[in-house]
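Asks: Single-letter residue listing:
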Amino acid sequence: MQTTNVTCVICPKGCNIEVDHENRDGKEVVLAVRNNKCPRGYKYASAEVVNPERVLTSTVRLAGGTYPRLSVKSEHPVPKTSLFDCMREIRKVSVTSPVKMGDIIIENVAGTGINIVATHNG
Amino acid sequence: MKMNVNVAVIGGGPAGLAAALECRKNGIDNILVIERDKQLGGILNQCIHPGFGLHVFGEELTGPEYAQRYIDMLSDTDIRTMTDTMVLSLTLQKVIRAVNTTLGVVEIHAKAVILAMGCRERTRGMLRIPGTRPAGIYTAGTAQRLVNIEGLMPGKNTVILGSGDIGLIMARRMTLEGAKVSGVYEIMPKSGGLKRNIVQCLNDFGIPLHLSKTAVEIHGRERIEGITVAAVDENLSPIKGTEEYVECDTLLLSVGLIPENELSRGAGILIDPKTKGPVCESGFETSVPGIFACGNVYKVYDLVDNVTKDSVLAGRYAAEYIRSKSE
Ligand SMILES: Cc1cc2nc3c(=O)[nH]c(=O)nc-3n(C[C@H](O)[C@H](O)[C@H](O)COP(=O)(O)OP(=O)(O)OC[C@H]3O[C@@H](n4cnc5c(N)ncnc54)[C@H](O)[C@@H]3O)c2cc1C
Ligand code: SF4
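Going down the list, the protein sequences come from chains X and V.
Reading the first sequence from the start, the letters are residues 1 to 122 in the numbering used here.
Reading the second sequence from the start, the letters are residues 1 to 327 in the numbering used here.
No lab work stands behind these hints: they were computed from the structure.
Model, not experiment: these values are computed from the prediction.
Check each hint, because a few of them may be wrong.
Stated by the list, open to error - In the SDA-like style, the derived pairs of lysine to any residue whose C-alpha atoms are separated by at most 20 Å in a straight line are: (1) V:K156 x X:M87; (2) V:K195 x X:N5; (3) V:K195 x X:V49; (4) V:K325 x V:V5; (5) V:K195 x X:I10; (6) V:K38 x X:T96; (7) V:K195 x X:G14; (8) V:K180 x X:L31; (9) V:K195 x X:C11; (10) X:K13 x V:S191; (11) X:K80 x V:V5; (12) V:K38 x X:G65; (13) X:K100 x V:R69; (14) V:K195 x X:Y42; (15) X:K43 x V:L88; (16) V:K2 x V:L88; (17) V:K190 x X:G14.
Isolated chain V, as found in the complex (with noise of 0.2 Å):
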């Protein structure tokens, strides 16, 4: 199936409904919103914590409502919008082939595309800790997913290694469904968590956060029993001799995010070394002329506020190029 549209928005969550939203409110029509899971909103669904929203709606509002309303907002106009369509490639000439299970492989000719598609999480690979290779081992969103998504538990008795928001945010829900988390290691001598996360979620359910501590090896052969943790000294290298063993069923790492930019590589879009996000010179505009990008594909937020944001700006951008384009 072949199909022509003003703008492709890549990725439904709130940077690209933000953008697609503003599109359409600077007059352009036949705007396509494309997204791989099976409803919109992106990692938003999964975030049920507050915290979201004081700036852009006055009120502190969970991640589910915050998407809410701007899937409420979009059903509203005549975006069109494709879930459960996964995009595989993205060309210089944007055209975007897309797989779902209805149509099969669709190509999508847009005037202006817009990446939206996140970020991910470092994975243990690039970690790099030594030892077995068993299960029990989930980055901390994956974790997020499973219990507030799927309703599914990853073990009873947790260490957490990373003390980033998602992490002490894990501690705690992993905690109010009866799992034991029996502690936070962090590397660095500060954690990278809000000060608020620290009390409400480990201070309130007296989980204790480890400093200047690592994981330096994993044990269990079919599923993960424990792991050895260290100190580490001024060079993060780990002191031998301080070597503790820590029992587990389930580690979770909470290690930081990178810009989700295979497509982008793909269409031959610079990307930053730095950011690991496209290099865009003014406007939000990648180094291909008509490719928009914004959210944590572009750089990684810490406030879905500032998504919103600056991806309202990304759509009112694209906007113009079609305008000018089309003069």
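Bound conformation, chain X alone (with noise of 0.2 Å):
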């Protein structure tokens, strides 16, 4: 078993969370929560220790704007441990304007089902 102490970002309160977790068949699986204040807190800090995800912005390369670069996110989070396998595929991009929000730049990036998109029009 093990502990991870996770500080909650739900609300300003910022509770330290405490989590025992232990790993079944290459799982983390959450034996225990402890300290929070509140059932968000558990949800978020099981999670964090389960499969801990991330929203990721950055910017592709623009040709033909105003600015040479466009920035983008992923539709959805994407698991933390694939943020720089992303980013090298994110950084290998280049579009030509006219680009629109919410275009898709980059699909499936890096095999995580999740789409690169636009966030301006470009």
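Hints given; two lone chains; assemble the complex.
Replies: Right, dumping it as structure tokens:
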């Protein structure tokens, strides 16, 4: 068994939550959650241990736009462990104006099943 | 060239755009938004991270998305915009002098003016760190613009001084782009940044946050080579004997924002020495009747949603002012 400290970021109280968990067949299983002041913290802290995810934002090269970069994001959160794999793919991409906010820039980035989309017109 | 408008909005960030839209909604026409950048949206365009719009749009957007939504709303109206146009001066009589490359100097006579110039960062000069003055020292916001808009990396081995949110966000951004961020130094015993940013921008990437420590000297001739940091006592004075050398080729300063009020001062508008923004008695009207102020030029806001909320009011009051004058 392992205990991980998770700072809850759901509300400004910022509880320091303790999560007991262990690895069963390559998957983290939550055994106990302590010090959360509300159920939202329980959910957040468990997810942080089992499969932490983040929305990734970055930029890609843009030809023919006002500026040489176009801002992009992952449409949904991606696993924290694949952030750098996603960045490697994002860095290779170059798009040409016109692009509209919401356009898909990379499909299924780094095999995560998640798309990278434009966050601005360019 | 000379122009007459009902409302001139100086600054095309979220404050200026929301105020202009609200003026239009209140029946005022002939509105002009003047922006010195090549695009509208202000500082939001470089804030590519999520964390905007929860209150105004009920969903979490990135800065550019929040800006784009307002730009789209504006383009559905007859509000005119002049980008790449810098306002040079403003007078008590509401005459604006602006310059752009196609028209040259433009003189704009307005019935009402809305100031929405945003804020700028404190620079190193104001912080007075001793040592050399080499290249490689940037404010966090300048670095943010270089990386996210211009696509230029300021350096490979970065130290961040100050733990405000912009610095934390840049720590993550530079790390994702392949730079090393060896640490964040904060003179106060507590970070000024949001907990969420400490977790997601520093802890996620193993970047240490050093509290109660500050830079006491900068080293390097042409380019910065390192800084000396030291622990500080409760009076924030460096403690002798705690000095440490930290190698870096880039130093980012994340040390706070101040409203950008040179134009307002030039017009003789009263400035509050505390907030550094215009004194507004009520309804976001400055000491000069018919000149309103909103957004970061009025006071530094943490949340763009609150900027929008207040700027809508400023726009409404400006519309009322014009109506009362024409009755
Ligand atoms: C780096 C950074 C990160 C932030 N992160 C967050 C966040 O995560 N979530 C959140 O809700 N808020 C965040 N904020 C706060 C929020 O983005 C700002 O409060 C908001 O954008 C301010 O809007 P504004 O229109 O007042 O100023 P700005 O966006 O700065 O717009 C001012 C505009 O005026 C123009 N201008 C200035 N002077 C002149 C002149 N003389 N002539 C013509 N044009 C001129 C400028 O070019 C600029 O476009 C952040 C702010 C900064 C600086
Ligand atoms: S556990 Fe609940 S109270 Fe504590 S920080 Fe998280 S959301 Fe807030």
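Asks: Under the constraints set out in the numbered hints, which ones does this structure not fulfil?
Replies: Hints 8, 11, 15 contradicted; others consistent.
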